[in-house]
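Letter by letter, the chains look like this.
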Amino acid sequence: MGELIRLEHIVKSFDDTMVLNGIDLSVAENEFVTLLGPSGCGKTTTLRIIGGFEKPDEGRVWFDGKDITDLPANQRLLNTVFQNYALFPHMTVGENIAFGLRVKNKPEQYIKDKIKYALKLVNLDGFQNRQIDQMSGGQQQRIAMARAIVNEPRVLLLDEPLGALDLKLRQEMQYELVRLKKELGITFLYITHDQEEALTMSDKVVVMNEGYIQQQGTPEQIYDEPVNAFVADFIGDSNIIDGTMIAEKVVRIDGKDYPCIDGTEQGFPPRSRVDVVIRPEDIDIVPYGQGQWNGTIISKLFIGVHYEMLVQSEDGKVEWLLQNYDQHDVGEKIGMKVDPENIQIMQKPKSEAESAIELDL
Amino acid sequence: MKKTLGRIYVLLIMLFLYLPILTLIVLSFNDAKSMSVWTGFSLHWYAELFQSRLMMGAIVNTFSIAILAAIIATVVGTMAVIGMSAMKPRQENTLMAFNNIPMLNADIVTGIALMLFFLMVSWPRGYMSILFSHTTFCIPYVILSVRPRLNKNTDRLFEAALDLGASEKYAFRKIVIPELKPGIMTGFLLSFTMSVDDFIITYFTRGAGINTISTLIYSEVKIGIRPSLFALSTIIFVVALVVLITVNVHQSRADKALSAA
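As you go down the protein sequences, you meet chains A and B in turn.
With the working numbering, the residue at position 291 of the first sequence is 291, and numbering never jumps.
With the working numbering, the residue at position 243 of the second sequence is 243, and numbering never jumps.
No wet-lab data here; the hints were simulated from the structure.
Beta carbons are placed, not taken as given, at the ideal position from N, Cα and C, and that holds for glycine.
Do not take every clue at face value.
What the hints assert, rightly or not - Cβ-Cβ distance ranges computed for the label pairs, FRET-style:
id : chain 1 : residue 1 : chain 2 : residue 2 : range
1  : B       : Asn151    : A       : Asp70     : 48 to 58 Å
2  : B       : Arg253    : A       : Arg179    : 18 to 28 Å
3  : B       : Asn151    : A       : Gly137    : 13 to 23 Å
As the list claims (entries may be wrong) - Within a straight-line C-alpha distance of at most 25 Å, the following computed DMTMM-like cross-link-like pairs (lysine to aspartate or glutamate) qualify:
id : chain 1 : residue 1 : chain 2 : residue 2
4  : A       : Lys256    : A       : Asp275
5  : A       : Lys104    : B       : Asp155
6  : B       : Lys174    : A       : Asp133
7  : B       : Lys174    : A       : Asp57
8  : A       : Lys182    : A       : Asp57
9  : B       : Lys88     : A       : Asp57
10 : A       : Lys55     : B       : Glu159
11 : B       : Lys152    : A       : Glu332
12 : B       : Lys88     : A       : Glu31
13 : B       : Lys152    : A       : Asp16
14 : B       : Lys174    : A       : Glu152
15 : A       : Lys66     : B       : Glu168
16 : B       : Lys152    : A       : Asp242
17 : A       : Lys104    : B       : Asp197
18 : A       : Lys337    : A       : Glu183
19 : B       : Lys181    : A       : Asp113
20 : B       : Lys152    : A       : Glu31
21 : B       : Lys169    : A       : Asp194
22 : B       : Lys174    : A       : Asp275
23 : B       : Lys152    : A       : Glu108
24 : B       : Lys88     : A       : Asp133
25 : B       : Lys181    : A       : Glu54
26 : B       : Lys88     : A       : Asp16
27 : B       : Lys256    : A       : Asp133
28 : A       : Lys181    : A       : Glu210
29 : B       : Lys152    : A       : Asp275
30 : B       : Lys169    : A       : Asp242
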């Protein structure tokens, strides 16, 4: 897979507000890349720069080996599915889809075939003479997809395309999108603030915050090995606790020492202060006194598949978040156990921007 | 009891609103010139109206000025809105405030100001000066009715068109203009009515020897009003009524078609 899009140190500010602080990003051909972050993190601006709707203050945008930083939006070989679909309200479904082809003066028969093909692809066969306002949100979303893909772009930019849909439809559309991407064989650059969406669909997830890329990697890497407290907290629930490396591959948390798998090699020499992440589902409940530490359950919540519990530890002042399939009662004293490979060591934030991030959590 | 009172109340309002117009219509068919005695049905005031070059001239002036002023104001106003949308919000708000002042300003002030302006630049007063004045006071109304149509959503649609490969010109023509159309239509119709309706500004900016319907009626009143003016007023009222009914029927049919689909 060759590189298709490359962002080189993109800097962008609006009226003295820094939005992007030097973004470097590479998207390979046929990859599903997701930019993930809270609102205001700069993900939409990044997409708009790639789409050609904003000019970066600094940095270059490369597409297929060519510098397209100054190329206007209508000459770029990519199409966008906009957040609110931006369907043309005074045109029918078919005319909406045909728009890009009409602009390029394609023959009428070709346009007809393409509309049919695209509608079939998004499961809206026979809807071409409908008015836009007669279509539901999910259908509009599909039309926006169809309108983009008839132009055979090499990259499809998707700006929170499922944001306006209800949960059930959103999950269906996630499968749909993955299927579409497979059938079309093109690159998807996807934007969302929904971590579940990002983890489900992407080949690569890029976590952004405050105009910085926090971490990029496969969904598994992002989930299992978050590099800082922001990523850990944004991707799923987690316990983030202060810790100190007291010996090689031993960390002291909550007044107790635990073996872990990170050490000097990973940049955590003894005596260094660190953040420790333990996922709530990685903490096992064992009978009182038989675990690594003990605590009392102070609250319990049933959320569908599992129970979520808050446990006050006996030895220290830490409240642990636990997820478990078994039911335990509030007030029950339990023991807790965690495997060394589930203890994730992270650097304490260094820069001011990173500390600011922590305060937001 | 309450219901009857309500009905009487509505009836009274209707009476006050429409009885004068009804009187006018009846009198326009009166045979005699009298405004108080009915002497028989006749169409001869209508005949007089259509034979009077003075009146026909005023009618032509009124409507040609209204149409031209509305067209020019709509074009200028729409272009102004597009220009304003590219401004920073603060600049735009300031400009909008300036746009609103002429609408709140008393007609008499606008009229005298325009008259003084024409005198100062020694622009001969006549058809063109009236047209210029009407265009001027119509533009703010066009801006006010088109501006709300040009919003974030229009920007997004414009971007979507560019994204699909359209040139800025093409996107503007095919996407932005159709989006603005309802506002443009409102602006045009508003301008047209304002222009037809206007008396004060026309009175101050017209020259000798040119009349619109309103200034003609005003000068006739001084020398004794003729029933042919009732005939003219009746025609204007009926035309307006027919247009209103057509628009409403059309609208409700369109609504029905939409809700049925």
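Enumerated hints in conflict with the structure, sorted upward: Hints 1, 2, 7, 8, 11, 12, 16, 17, 18, 19, 20, 21, 22, 23, 24, 25, 28, 29 and 30 contradicted; others consistent.
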